[in-house]
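Undergrad: So the chains spell out like this:
Number of protein chains: 6
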Amino acid sequence: MNQSSNVSSNERYQRGWAKLKEIDGEAGEKVIEALADIAPDFARYLIEFPFGDIYSRPQLDLKSREIAVVAALTALGNATPQLKVHLQAALNVGCTREEVTEVIMQMAVYAGFPAALNGLFAAKEVFAALDAQV
Amino acid sequence: MNQSSNVSSNERYQRGWAKLKEIDGEAGEKVIEALADIAPDFARYLIEFPFGDIYSRPQLDLKSREIAVVAALTALGNATPQLKVHLQAALNVGCTREEVTEVIMQMAVYAGFPAALNGLFAAKEVFAALDAQV
Amino acid sequence: MNQSSNVSSNERYQRGWAKLKEIDGEAGEKVIEALADIAPDFARYLIEFPFGDIYSRPQLDLKSREIAVVAALTALGNATPQLKVHLQAALNVGCTREEVTEVIMQMAVYAGFPAALNGLFAAKEVFAALDAQV
Amino acid sequence: MNQSSNVSSNERYQRGWAKLKEIDGEAGEKVIEALADIAPDFARYLIEFPFGDIYSRPQLDLKSREIAVVAALTALGNATPQLKVHLQAALNVGCTREEVTEVIMQMAVYAGFPAALNGLFAAKEVFAALDAQV
Amino acid sequence: MNQSSNVSSNERYQRGWAKLKEIDGEAGEKVIEALADIAPDFARYLIEFPFGDIYSRPQLDLKSREIAVVAALTALGNATPQLKVHLQAALNVGCTREEVTEVIMQMAVYAGFPAALNGLFAAKEVFAALDAQV
Amino acid sequence: MNQSSNVSSNERYQRGWAKLKEIDGEAGEKVIEALADIAPDFARYLIEFPFGDIYSRPQLDLKSREIAVVAALTALGNATPQLKVHLQAALNVGCTREEVTEVIMQMAVYAGFPAALNGLFAAKEVFAALDAQV
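Residue numbers (our numbering), protein chains in the order written: chain A, 1 to 134; chain B, 1 to 134; chain C, 1 to 134; chain D, 1 to 134; chain E, 1 to 134; chain F, 1 to 134.
Hints are not guaranteed to be accurate.
[Stated by the list, open to error] Under the rule of at most 20 angstroms between Cα atoms (straight-line distance), these lysine to aspartate or glutamate pairs were calculated in the EDC-like manner:
no. : chain 1 : residue 1 : chain 2 : residue 2
1   : C       : K63       : F       : E99
2   : D       : K63       : E       : D61
3   : A       : K124      : F       : E33
4   : E       : K21       : E       : D61
5   : F       : K30       : A       : E33
[Stated by the list, open to error] Residues on chain D that point at chain E, a partial pick, calculated with CB under 7 angstroms:
no. : residue
6   : P50
7   : Q59
8   : L60
9   : L62
10  : S64
11  : I67
12  : A72
13  : A75
14  : L76
15  : Y110
Keep in mind the hints are simulated off the structure, nothing from the lab. All C-beta atoms in this analysis are idealised placements derived from N, C-alpha and C, irrespective of residue type, glycine included.
Whenever a hint applies, use it, and build me the whole structure from the sequences.
TA: This is the structure:
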């Protein structure tokens with residue numbers, strides 16, 4: 001059916017793990033570790049499907065993908081830990097702070113001012129943590 | 001406080017109206033018309049704030065903005081008419097069909113397969129309507 | 001524990017049924033009828049808890065209660081049939097068309113412009129149906 | 001209309017209170033206590049409708065009911081305290097840790113990976129608290 | 001990492017396709033067909049991850065899985081087509097009409113009466129279509 | 001198009017700032033301050049659109065507006081900080097504690113008991129903070 005239909009699960013896993021580290025960095029690895037004692041299979045699925053399948057597709061650049069995720073998680077408003085991981089991820093793949101801030105602001109139009117405000121305060125925390133590392 | 005603090009509402013309205021036509025095209029104008037007899041002031045706010053203020057900001061290109069909207073509306077899953085307007089808008093500002101399809105597919109990871117499926121079927125309708133026009 | 005703790009379920013049911021007819025009118029009765037062959041017990045709960053218990057409480061006037069419902073259902077954006085019933089109900093208990101329209105517009109701030117737009121178009125249908133009856 | 005139409009509210013309250021203790025145990029009683037000074041009537045409604053009416057119905061076993069609640073609260077993603085109460089409740093009525101973990105994992109398909117991840121981390125806390133009690 | 005780590009994608013696909021047909025039946029096959037011209041890769045992911053991975057796990061019986069899905073989609077309230085597919089699927093794997101109706105009713109407690117009402121009316125349509133087939 | 005179409009943005013800003021202080025009081029001013037270093041333009045939009053435009057409209061009294069907001073934010077369930085600001089705001093513009101508590105309780109019908117419970121616990125915190133100030 002397509003290019004990946006003969007790859008082994010092992011190849012998907014390796015490809016996904018490399019992609020997860022490229023995009024989410026250390027924050028992504030910590031999520032995987034945190035799943036080890038409660039749902040290790042779910043950690044594997046998280047590596048294989050979102051990262052091994054979806055993020056590995058060439059049809060959309062990673063910067064556009066992270067803009068999409070930051071927008072969606074800001075709008076949904078019920079997944080702050082994942083929004084923070086992807087604010088960092090957006091910076092990792094080349095978005096500027098100004099760009100991700102702008103995406104969050106735009107969500108006021110589509111999901112309301114509270115969703116945008118909570119997204120901006122999440123970004124403020126992520127940026128402050130980065131500045132503190134320097 | 002910033003560059004627009006001295007502009008009149010009239011300038012915001014003109015700028016917003018031009019931006020709405022650039023992005024949403026005819027579909028956007030129809031939304032404004034449909035509001036005329038129920039909430040004309042809301043039509044004005046829709047032109048002024050989202051388009052006159054937000055979309056007129058230079059901090060993010062229109063293609064990235066439409067990727068953000070398509071992602072958010074697919075994930076929220078409760079605003080199909082607006083998703084269709086913005087699928088068309090995304091094409092208007094330079095996204096390819098493949099790119100917006102890819103954004104919708106990616107939302108399976110963040111909002112589940114039903115949200116992505118319903119987004120894909122909305123896209124299918126929008127693309128079919130475009131093909132029928134030719 | 002309070003004033004209603006000795007009333008029989010039958011009294012709750014009678015009180016709820018009268019309240020449902022006062023607030024929702026014919027549209028409410030149709031919902032109850034539509035449940036008869038799929039979930040008659042649920043029809044009874046709908047009469048007893050929301051109407052026999054909640055709406056029968058004197059702590060808030062019915063007009064304020066309908067403003068609250070119209071706001072919530074507009075913001076949630078996934079219950080259009082119930083929003084329409086309560087737009088009619090709001091008019092039944094003394095809200096003006098202008099007031100309910102205003103509540104819906106205000107939801108743009110808290111749930112985004114698509115939620116408000118879809119609420120306004122629902123109101124437009126409800127108002128048109130009323131005008132067609134005259 | 002049905003078997004309960006002649007029961008007094010007092011009977012509903014007693015039946016609900018017994019059911020709440022059976023299902024939610026101490027965590028449920030604490031919720032009721034926490035409502036005492038802000039909304040005592042709401043505590044009564046919570047006992048009477050969900051527990052006295054719904055959970056007392058014989059049409060579905062309690063284990064299936066808790067699977068339904070864990071699924072719904074994981075998917076909604078905005079009611080973590082109640083999800084934790086029902087993760088404990090699911091164990092109380094006979095679900096295994098493996099089963100509730102599996103329900104949460106399955107929600108990745110219907111509500112996205114962030115919802116499932118946050119559900120798994122809530123389960124991890126509940127299970128850790130149980131292990132610390134021993 | 002686990003039993004499936006060496007299986008080829010082809011095996012996952014075959015397993016998922018068989019599972020999709022077992023659970024969703026004809027309705028599931030139609031969804032796959034409908035994706036063929038807009039997003040064929042997404043059809044493959046839908047077969048592989050939800051059905052080849054999640055539903056193929058032995059940790060939870062299919063009846064419990066469908067109770068979980070019906071609960072979640074009723075509560076989310078924004079995926080009626082998928083709710084209908086899974087109401088049929090629930091019957092396919094052994095739930096009675098009474099049981100799925102009961103799950104939907106219970107959602108009034110966790111997601112409100114409008115969500116439960118819309119779920120019940122979806123069930124009414126599914127049951128009527130089944131009765132019309134006989 | 002209407003009365004405000006010739007006002008300058010500066011007038012909207014002044015009108016909005018005065019309205020924000022009237023409604024939200026100190027809590028509102030703190031939100032504006034918190035935005036200063038991350039998104040100062042968004043602080044300006046927040047003053048201009050919700051407060052300078054929407055809340056300044058005479059078509060609905062402020063008490064009804066706050067009932068609408070408390071209802072919506074309780075029902076959405078994903079914006080607790082903003083709900084707390086508006087619980088205080090509701091009291092500022094003339095609602096009683098009993099009235100806002102009643103609005104939150106009513107949301108159990110439209111968004112489920114968990115949403116209402118979390119709203120009530122937010123109100124409990126706001127009321128306790130007020131009592132501690134005296």
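Undergrad: Are there hints from earlier that the structure breaks, and if so, what are their numbers?
TA: 5, 9
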